[in-house]
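Residue numbers (numbering that gives the first Met the number 0), protein chains in the order written: chain A, 0 to 252; chain B, 0 to 252; chain C, 0 to 252; chain D, 0 to 252.
No lab work stands behind these hints: they were computed from the structure. Be aware that a few hints might be false.
In silico contact screen, one side only, chain D against chain B (beta carbon under 7 Å); selected entries [stated by the list, open to error]: (1) 0; (2) 39; (3) 44; (4) 48; (5) 59; (6) 63; (7) 67; (8) 77; (9) 89; (10) 92; (11) 131; (12) 207; (13) 210.
Pairs of lysine-lysine residues, derived as BS3-like cross-links and limited to a Cα-Cα distance of at most 27 Å, are as follows [as the list claims (entries may be wrong)]: (14) B:2 to B:44; (15) B:2 to C:1; (16) A:43 to A:133; (17) A:114 to B:1.
Which stretches of chain A does chain B cover? Using the computed rule of at least three CB atoms under 8 Å from a CB of chain B, they are [to be verified]: (18) 0-8; (19) 38-51; (20) 204-218.
Every value quoted in this text rests on a predicted model; they were computed, and no experiment measured them. Glycine included, each C-beta is placed from N, C-alpha and C at the ideal position.
4 protein chains.
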Amino acid sequence: MKKTVIKILQRPRLRKPILIGGLPGMGYVGKLAAEHLLEQLHAKKFAEIHSPHFPHHVVIEDGGVLRALRNELFYVRAGDNDIIIWVGDVQPISPEGHYEVVEGVLDVMKTLGVKQVFTLGGYATGKYSKVQPKVIGMGDTRLLEKLDARGVVVERKGGPIIGAAGLLLALGQLRGIPGVCLLGETHGMVVDHRAAQAVLRVLVDVLGLKVDMSNLEQRAKATEQTIDRVRREMELRERKARRREEEEVWYIG
Amino acid sequence: MKKTVIKILQRPRLRKPILIGGLPGMGYVGKLAAEHLLEQLHAKKFAEIHSPHFPHHVVIEDGGVLRALRNELFYVRAGDNDIIIWVGDVQPISPEGHYEVVEGVLDVMKTLGVKQVFTLGGYATGKYSKVQPKVIGMGDTRLLEKLDARGVVVERKGGPIIGAAGLLLALGQLRGIPGVCLLGETHGMVVDHRAAQAVLRVLVDVLGLKVDMSNLEQRAKATEQTIDRVRREMELRERKARRREEEEVWYIG
Amino acid sequence: MKKTVIKILQRPRLRKPILIGGLPGMGYVGKLAAEHLLEQLHAKKFAEIHSPHFPHHVVIEDGGVLRALRNELFYVRAGDNDIIIWVGDVQPISPEGHYEVVEGVLDVMKTLGVKQVFTLGGYATGKYSKVQPKVIGMGDTRLLEKLDARGVVVERKGGPIIGAAGLLLALGQLRGIPGVCLLGETHGMVVDHRAAQAVLRVLVDVLGLKVDMSNLEQRAKATEQTIDRVRREMELRERKARRREEEEVWYIG
Amino acid sequence: MKKTVIKILQRPRLRKPILIGGLPGMGYVGKLAAEHLLEQLHAKKFAEIHSPHFPHHVVIEDGGVLRALRNELFYVRAGDNDIIIWVGDVQPISPEGHYEVVEGVLDVMKTLGVKQVFTLGGYATGKYSKVQPKVIGMGDTRLLEKLDARGVVVERKGGPIIGAAGLLLALGQLRGIPGVCLLGETHGMVVDHRAAQAVLRVLVDVLGLKVDMSNLEQRAKATEQTIDRVRREMELRERKARRREEEEVWYIG
């Protein structure tokens with residue numbers, strides 16, 4: 000694996016598909032929203048993405064089962080526009096890796112005739128807030144106007160977007176695929192189902208979908224538990240990382 | 000995008016062209032000077048540069064419009080020697096990236112028949128100074144002598160030059176394209192239109208151009224405002240970066 | 000050497016071979032166990048691995064003899080399933096390097112018809128313990144069940160695995176080669192022959208091999224002496240590393 | 000320049016040539032010794048090496064003249080064995096870069112029929128010493144025995160060698176070219192002509208050459224002056240580096 004591999008398990012024929020991306024990031028907002036969406040819509044997996052630009056860890060699932068870190072592509076038939084959903088365990092570890100993975104996904108999207116892209120994510124405020132989180136929109140002018148026309152409340156704000164959420168739009172735009180990034184206001188340090196809900200409400204409104212939000216809180220809790228479990232492993236792991244460094248220095252034969 | 004892409008929008012036919020490079024760096028001196036020059040000369044864009052060696056951010060413009068980070072090439076007809084101007088949002092993030100982008104630009108320059116290169120930048124002193132900033136010149140011996148002969152006051156000083164301003168000259172020289180780097184004395188921590196002006200005065204004098212400098216101060220102020228706006232975003236972003244790192248460590252499934 | 004080179008010294012014909020991997024890591028558990036196994040089974044070397052993703056050091060052996068860092072592949076005939084053993088001086092230095100080396104080894108394993116993979120390593124607790132170290136197993140469900148069926152006591156636990164021990168299994172699984180990772184509980188800061196023994200006991204039990212463990216303790220002591228010798232070199236070397244950094248910055252002609 | 004380029008200016012025909020390598024490193028010992036040797040032997044340059052794995056700086060020479068960082072290959076006719084000398088401004092910045100440059104040089108050496116390699120360097124003790132510096136030898140057993148047979152006093156010691164001095168030998172050995180590394184005992188923090196002299200004495204003794212050592216001290220002083228000049232630039236440059244980092248973070252349009 001010298002470069003990113005996108006393994007197509009089954010190539011779907013889709014009507015004017017729209018790509019929705021939600022990878023891990025601020026408050027897990029994008030990942031929570033996208034994974035909730037694919038569950039509610041009973042989306043089908045059609046591709047797996049592995050990359051040497053992902054971390055060289057592995058995922059341990061329940062019962063000690065082990066698998067490589069990956070991203071996945073799902074699809075679902077949905078009226079005039081079918082929907083593709085990009086989710087995953089991780090984002091690439093380097094800028095070069097980000098460019099490679101995003102371009103690879105765009106190659107696949109081109110062959111599937113994707114017309115629009117929505118990326119979902121969080122926008123860190125560093126504050127806990129009890130009010131309904133705002134949703135910020137950035138990207139293609141005409142798509143943003145369409146959001147306005149539909150009465151969707153989306154703030155427009157300049158600010159840097161790091162990673163796949165922005166890069167997918169920017170490189171898609173260069174290929175003539177317009178898109179919008181929807182970022183939910185979040186603390187940043189906690190898994191935030193409310194921000195995910197806010198972002199998802201805007202998205203389903205724009206796409207004319209119906210999605211039950213009730214399970215989203217539950218999913219956020221499950222994610223928090225996973226994180227807690229891993230957090231306990233962290234002390235050991237950090238020691239391990241430091242140790243590995245020393246070992247590399249010590250070891251000579 | 001596995002490597003740097005230089006998209007030629009329209010290939011101009013040029014008379015003995017001279018390349019002028021001004022990318023972001025110390026005090027934004029080179030960028031300010033080069034962008035002021037291209038505005039005053041009504042230069043036309045003819046190429047866009049994208050690279051996986053640029054940061055994986057995106058640029059957010061007014062109204063929430065979003066685009067990929069890029070460099071741009073402009074040209075302008077100007078007497079005996081037409082002029083090409085290289086400007087951009089960023090420099091590459093790694094030494095390897097610098098070599099790749101500079102070589103790519105030189106490939107294009109070769110096909111356009113470029114005869115000389117001038118790169119513009121700042122030279123940090125760490126001090127605020129009220130007097131007219133000095134301009135330091137480094138590079139090809141004969142071009143430096145020509146500056147002397149024209150009465151252009153240019154100090155010659157040894158000192159390391161990091162990044163595109165030096166590398167473009169050094170790699171151009173290996174291909175037989177002579178060049179000079181003009182660096183304006185600047186504090187280093189502030190956007191410095193006066194240093195940009197000093198550098199640009201030397202350049203237009205050498206090239207026999209006429210350029211109105213009055214807007215340069217205004218442009219420096221606009222740049223400062225942009226930076227201030229972004230600076231406010233920075234606290235959040237730094238938190239985000241730290242957070243992302245922890246997430247990458249925590250996340251396993 | 001632009002990429003990893005696996006030099007096959009002599010290609011063996013093997014019966015349903017099983018790959019056992021033990022590279023340097025936590026407490027040297029995997030390396031100690033795998034090297035003890037290959038000695039006891041009088042395994043034969045059939046391949047050497049060199050990689051630009053290994054550190055740019057060299058190994059100095061007794062009498063001042065010097066060689067490149069490497070990994071090695073050995074084989075041994077052993078009943079129904081022949082055995083291949085992967086050992087080495089180091090692991091790659093980057094995630095991309097890990098993916099490249101592991102994929103390269105898997106390419107060779109495919110041509111040799113490998114049916115299963117066991118990787119050996121340590122699991123850091125940060126505590127010294129006098130009791131018999133536990134062995135943790137992760138990986139393929141059916142292989143884990145087989146361990147249960149044989150009465151092998153293996154705990155199953157989620158936790159991140161970094162490096163070749165996990166990645167070999169994860170990428171092997173993608174190619175249809177099931178595997179299990181056996182990690183011995185260890186302090187993490189010391190060379191741990193007891194953890195290596197515990198891991199090796201599980202392995203030989205599963206594979207139905209007979210291996211004398213008595214030399215393992217002796218080997219661990221010799222390794223500790225080597226480390227002491229190297230530790231004395233360390234102060235000089237760290238000074239050297241710091242010095243090199245300064246030199247790179249200072250040097251211009 | 001995607002990869003290392005070795006430009007052969009003029010391909011010499013050589014008798015059983017021996018390669019001598021002396022790049023910048025501990026106390027500049029190898030560089031001083033190799034450059035002194037090439038001056039005394041009036042060696043001729045026949046190749047230049049440029050690499051994207053060198054730092055993205057440029058060298059500023061007297062009078063503001065600027066050139067790319069490089070390595071150089073010289074040759075000199077010298078009895079039974081002609082001599083090739085590898086010197087340079089810098090070593091590569093990454094392990095991968097080291098492997099690429101060393102392999103590139105070895106490719107050229109193979110075509111020139113090189114039979115042996117000697118690399119020169121320093122061995123840091125961290126102490127100033129008034130006595131004659133010891134010379135440590137590591138590498139090929141038979142070459143080391145030959146040194147013994149000639150009465151050359153060379154200590155043999157295990158210790159890590161980082162960078163080109165070790166890697167050239169290790170990768171040369173894999174291609175069947177034996178070699179020895181000669182390291183002179185040095186403080187590490189100062190340009191050390193005495194260590195260079197000690198190393199060079201061993202080398203010329205082995206090779207049966209006659210070299211006047213009187214200029215070596217002078218050369219060391221000149222090198223120290225260059226370093227002092229650059230050191231004064233360093234404060235500014237470090238500020239520049241820090242500044243560039245902040246700018247990269249701030250900059251968005």
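Going down the list of hints, with the structure as the test:
1. For residue 0 of chain D, the interface hint holds, since its Cβ comes within 7 Å of a Cβ in chain B; the closest pair sits about 5 Å apart.
2. Violation of the interface hint for residue 39 of chain D is found here, the shortest Cβ-Cβ separation to chain B being roughly 27 Å, above the 7 Å cut-off.
3. The beta carbon of residue 44 of chain D comes no nearer than 15 Å to any beta carbon in chain B, farther than 7 Å, and the hint placing it at the interface is violated.
4. A hinted interface residue such as residue 48 of chain D counts as satisfied when its beta carbon comes closer than 7 Å to some beta carbon of chain B; here the least separation is about 12 Å, so the hint is violated.
5. The beta carbon of residue 59 of chain D is positioned within 7 Å of a beta carbon in chain B (closest approach about 4 Å), and the interface hint is therefore held.
6. The criterion of a C-beta within 7 Å of any C-beta in chain B is met by residue 63 of chain D, whose closest approach is roughly 3 Å, and the hint holds.
7. Of the supplied interface hints, the one on residue 67 of chain D holds, with its beta-carbon coming within about 4 Å of a beta-carbon of chain B, less than 7 Å.
8. The restraint placing residue 77 of chain D at the interface with chain B is violated, with a minimum CB-CB distance near 31 Å, outside the 7 Å limit.
9. With 7 Å as the threshold, the beta carbon of residue 89 of chain D stays out of range of chain B, its nearest partner Cβ sitting at about 11 Å, so the hint is violated.
10. Given the 7 Å rule on beta carbons, the hint for residue 92 of chain D holds: about 6 Å separates it from the nearest Cβ of chain B.
11. Violation of the interface hint for residue 131 of chain D is found here, the shortest Cβ-Cβ separation to chain B being roughly 35 Å, above the 7 Å cut-off.
12. The beta carbon of residue 207 of chain D comes no nearer than 38 Å to any beta carbon in chain B, farther than 7 Å, and the hint placing it at the interface is violated.
13. Residue-level restraint check for residue 210 of chain D is violated (minimum Cβ-Cβ distance to chain B is 30 Å; threshold 7 Å).
14. Only pairs whose Cα atoms come within 27 Å are accepted, and residue 2 of chain B paired with residue 44 of chain B is accepted, the gap being roughly 22 Å.
15. For the hint linking residue 2 of chain B to residue 1 of chain C, the alpha-carbon distance of about 17 Å falls within 27 Å, and the restraint holds.
16. Only pairs whose Cα atoms come within 27 Å are accepted, and residue 43 of chain A paired with residue 133 of chain A is rejected, the gap being roughly 31 Å.
17. Between residue 114 of chain A and residue 1 of chain B, the direct Cα distance comes to roughly 24 Å. Compliance with the 27 Å bound is thereby established for this hinted pair.
18. Closer than 8 Å: that is the beta-carbon criterion, and the segment 0-8 of chain A has 1 residues meeting it against chain B, so the requirement of 3 is violated.
19. Counting residues of the segment 38-51 of chain A whose CB lies closer than 8 Å to any CB of chain B gives 0, which falls below the minimum of 3, so the coverage claim is violated.
20. Only residues whose beta carbon comes within less than 8 Å of a beta carbon in chain B count, and the segment 204-218 of chain A has 0; fewer than three means the coverage is violated.
Checked against the numbered hints given earlier, the structure breaks hints 2, 3, 4, 8, 9, 11, 12, 13, 16, 18, 19 and 20 and satisfies all the rest.
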